[in-house]
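Novice: Heads up: the protein sequence lines correspond to chains Y and E, in order.
Numbering follows the working numbering, with no gaps: position 65 of the first sequence is 65.
To convert, take the position in the second sequence, counting from 1, and add 1000; that gives the working numbering.
Any given hint might turn out to be false.
The calculated label-pair distances, taken between Cβ atoms and stated as ranges, are [what the hints assert, rightly or not]:
| # | chain 1 | residue 1 | chain 2 | residue 2 | range |
| --- | --- | --- | --- | --- | --- |
| 1 | Y | Ser87 | E | Thr1558 | 33 to 39 Å |
| 2 | Y | Leu23 | E | Pro1019 | 56 to 62 Å |
| 3 | Y | Lys81 | E | Phe1552 | 22 to 28 Å |
| 4 | E | Thr1532 | Y | Ala7 | 53 to 59 Å |
| 5 | Y | Ala7 | E | Ile1510 | 18 to 24 Å |
| 6 | Y | Lys201 | E | Pro1247 | 22 to 28 Å |
| 7 | Y | Met64 | E | Met1243 | 34 to 40 Å |
| 8 | E | Ile1510 | Y | Leu56 | 52 to 58 Å |
| 9 | Y | Leu25 | E | Phe1552 | 54 to 60 Å |
| 10 | E | Thr1562 | Y | Tyr80 | 22 to 28 Å |
Partner residues aside, some chain E positions facing chain Y, computed with beta carbon under 8 Å [as the list claims (entries may be wrong)]:
| # | residue |
| --- | --- |
| 11 | Gln1091 |
| 12 | Gln1412 |
| 13 | Ile1476 |
Don't read these hints as lab results, they were simulated from the structure.
Built from N, CA and C at the ideal position, the CB exists for glycine as well.
Residues per chain, in single letters:
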Amino acid sequence: MKRFLNASLIPLGLGGFVLLMWLILRGVTIDVLMPSGKIAVEQLKLLYFTLALSLLVVVPVFTMLGLFAFRYREGRNNEYKPEWDGSTKLEVLWWGIPIVIIAVLSVVTWQTSHSLDPYRSIDSEKKALEVQVVALQWKWLFIYPEYNLATVNDLPLPVDRPVHFTLAADAPMSAFWIPSLGSQVYSMNGMSSELNLIANKVGEYDGYNTNINGEGYAKMNFKARVMPEVDFTSWTITAPEKADTAGKHMNEATYTTLAKPGLIKTPETYRLAAPDLYDTIVAKYMSHGGASNDASPKKHDMTNMDHNTNKNEEHTH
Amino acid sequence: MDWSWLIGRLSPEYLPKDPVTLGAAIGMPIAIIGILLAITYFKKWSYIWNEWVTTLDAKKIGIMYMGIAILMLLRGGADALMLRAQTALAQTGIELFNTQTFQEVFTAHGSIMIFFVGMGAMFGLINMALPLMLGARDVAYPFLNSVSFWLFFAGMVIINASLVFGGFSNGGWLGYPPLTGLEYNPGPGVDYWIWALQIAGIGSLLSGINFTVTILKNRAPGMTLMKMPIFAWSVLVAMVLVMLAFPVLTATLGMLALDRVAGMHFFTSDAGGNPMMYINLIWAWGHPEVYILVLPAFGIFSEIVATFARKRLFGYTTMVAALIAIMFLSFVVWQHHFFTMGAGANVNAFFGIMTMIIAIPTGVKLFNWIFTMYKGRTKFTAPMIWFMCFAVTFTIGGVTGVLMAVPALDFQVHNTMFLVAHFHNVIIGGVLFGYFAGIYYWWPKLFGFTLHDGLGKLSAYAWQVGFILAFIPLYILGLMGAARRINTYDDPSWVPLFIVSGVGVGVIGIGAGLMILSMVYSIWKRKKLADTTGDPWDGRTLEWSVPSPAPFYNFAITPTVTRRDEWWYRKKDGVAQPKREDYKDIELPKNTAEGVYIAIATGMIGFGFIWHIWWMVAVALIVVIAFVIRRSFNDDTEYTITADELYQLDRKARA
């Protein structure tokens, strides 16, 4: 009787927990599971696929674990073979099945690593919107070089048009992530990372920094505001004018003030008054100190082999 | 007058300011003084000095490791409780402690749990069980063992001293520069972190060498490598990893320290430094480190499942093959910790696939354990319950690990609460559950009485339930966009999940409490729980052939081994009583305090570097070198127990 009670507690407890989670999660947005951009949609599919593949191993493991623990426990007097310690057939089976599963997953991994590579530009008839991202302590500076605009903690984006982000930091390493749209990428001092995303639904999405970069780290959030193309175009026209009226110009001096460690209360919009601001920020870490430009470490860095070496060289020289 | 030549940068401005830290900073010294006074009052100083501090007996060193590990588990656990209490309360406006403290606390939590709980408990169990399992009298280098332990102790003192004076690093447990560089972090916190890890890490490296040699050279006659208990194999593989990986840690921390004290530019953002190189290097150590911790746990489970299923371990040879495969693979996966750093698709895919491949040998081990139970007679004692909890929890952790190994998928979960949940899944479910099982399993061999089984099981259940409550919500939070290491958030829908998680940590706390209770209760009822046979579990390996508690000389007569599970078959064949003439003179290492002195001086080197007290660094370094030289020229390090004495001792122990 006692044993029966013990065993029945497991499904009861799990059921209760699932119910609790269901109650908590009713009507709640789970960004990664409710994607709003093509990249995030593909990543979600990949999540379900990998999970399903894993279950091919997990289900038999849990079944056998429970079954054998129950059947061959002390006192049941089922068959007892204390000397039986191997079976080539069985071992081939459980080396073989995982190998096949991992082989399948490896192929998918290889393909998706390329197709969903953050550096890979997204196929579209429309030309990608260029956004330069600078992580500061503890705010995000977004520069729209084509429109002479700069924003802080506010990222207006047109729907259904690819966006090409170029990211750097003037702060300890940070990470730029909009879970509803997909893929996060680190932003670092003295070099550029890249990220290609597309938003396919109009809406307001939360953006985060996921890598600790000091005290204000947890509050280094922003909003990605995805709007119809017409609204975005009109924003690019009206915003600089508004910024002019408010006297908000993003030049070296404004930037220096902004770059000081601290939080800002409300998002800001500026007219970009220093067109090569982004390049200046990246080059900042390359220009002083003793390193010669030719021996720039970024050029030789193993993790950056495939990309952005050319960009760095540009900034270096 | 300028006293900085004498006291470096020590100054009252580094005294703790916020109430939580202040409380700990006052409480800790009071507790220590209390303990010291109690020792004095009960006149236990010579007992502690002679029996423990200066001992070179691996079993006692193991017990000391385990004692520190349990103490640190409570410290790290209290940290965890504070962190989750903060995130649960974040939106009420109640700030338990400020952001700086929060960040110091999670850095301390991670560093302590890995270096002083994980590594401490691992070396504890290895010291307790390994020589006995090998039929060895001691480890290969008993003195080095003492040095290792005391270096570990010195590291532990340094990491806890930061609480009292100076504060800790806020850079996370792996302290990525440039955040941990001078530019962003000039204070002593990062230096505390560096030197605590550096000193403990050197101790670990020395232990790695010690146990590798012990396994290769000190096995009982007849015990070929393939006749070793599988735990010994898992330790051998883990120790090879220690020897290969820890020098990388030492060098990396050393370079970071040079950046900080000598104005160098290994990892700075400017002047040719490269922080990305640090991240590569630290993970070139960090990933093998995970396997260093978990492989011995696998070994423990292999012993436990075979013992309690009363059946030979299924697929011994493949188990060994799997261990070795994991050993090699663990060195070619480090980049999966930073897929999002912008390496190319080819690089990411390579490391992703290598990572998944590790799932194959790991899965094989799981199948082998399950089939060890098949057609066995499994007795569900506390260690077996830990195994069952492990099998469930670790498998879930394995699945989320495979998810994160797919780079394109990792981009959506990296550095989030999902990641936090994943590695707790494998480290609590794999490493801790394994070590807890080991504690319950080997306790009688060390102390001569078993731990109360019911309380042990209850503790396991509490850990398991607490684990689910604490970490499943974190998986969901990660998918909702919650980054790791946040102390506050805006989204109200995160609140209930953080509350459930906080409750879960509380339940884990109850589990830890039950474990302590089971120890206290068992010590109290030790007569009733006494293990008179030396073999309470009907064991299979040689440690169960000696009386409990194991005598200081381990084996009166060195056993000769002819097969795996030697003791199991000896019991079947009948154990012959040893005759007087079988006993021979044996030599044992003399106690020495030199290990303690070396560690104290090494701790001073660390302290000097942290506070820029350069004379102290120089003096302490000379002291260390002097003691090493002195020890090297000392030939009188062993004493003899004659065959007669041994015969008498053994008769008494077996009576």
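Novice: How does the Cβ-Cβ distance of Ser87(Y) and Thr1558(E) compare with 33 to 39 Å: does it lie in that range?
Specialist: About 35 Å separates the Cβ atoms of Ser87(Y) and Thr1558(E), which means 33 to 39 Å holds.
Novice: Note whether the CB distance of Lys81(Y) and Phe1552(E) lies within 22 to 28 Å or breaks it.
Specialist: violated (40 Å)
Novice: Restraint: Ile1476(E) near chain Y, CB-CB cut 8 Å. Satisfied or not?
Specialist: holds (7 Å)
Novice: Quick check: does the Cβ-Cβ distance between Ala7(Y) and Ile1510(E) fall within 18 to 24 Å?
Specialist: About 22 Å separates the Cβ atoms of Ala7(Y) and Ile1510(E), which means 18 to 24 Å holds.
Novice: The hint says 22 to 28 Å between Thr1562(E) and Tyr80(Y); measuring C-beta to C-beta, is that right?
Specialist: holds (24 Å)
Novice: Would you say the C-beta atoms of Met64(Y) and Met1243(E) sit inside 34 to 40 Å of each other?
Specialist: At roughly 37 Å between Cβ atoms, Met1243(E) and Met64(Y) fall inside 34 to 40 Å, so the hint holds.
Novice: Just to be sure I understand the hint, the distance between the Cβ atoms of Leu23(Y) and Pro1019(E) should be within 56 to 62 Å; is that true here?
Specialist: About 36 Å separates the Cβ atoms of Leu23(Y) and Pro1019(E), which means 56 to 62 Å is violated.
Novice: If I claimed the Cβ atoms of Ile1510(E) and Leu56(Y) lie 52 to 58 Å apart, would that claim hold in this structure?
Specialist: violated (36 Å)
Novice: Next item in the hint list is Gln1412(E). Is there a CB on chain Y closer than 8 Å to its CB?
Specialist: holds (5 Å)
Novice: Using the C-beta atoms of Thr1532(E) and Ala7(Y), is the stated range 53 to 59 Å upheld?
Specialist: Since the Cβ atoms of Thr1532(E) and Ala7(Y) sit about 34 Å apart, the hinted range of 53 to 59 Å is violated.
Novice: Confirm or reject the claim that Leu25(Y) and Phe1552(E) have a C-beta distance inside 54 to 60 Å.
Specialist: Holds, since Leu25(Y) and Phe1552(E) (Cβ atoms, about 58 Å apart) stay within the stated range.
Novice: Was the hint right that Gln1091(E) lines chain Y, CB cutoff 8 Å?
Specialist: violated (13 Å)
The structure fails to meet hints 2, 3, 4, 6, 8, 11 from the earlier list, while all remaining hints are met.
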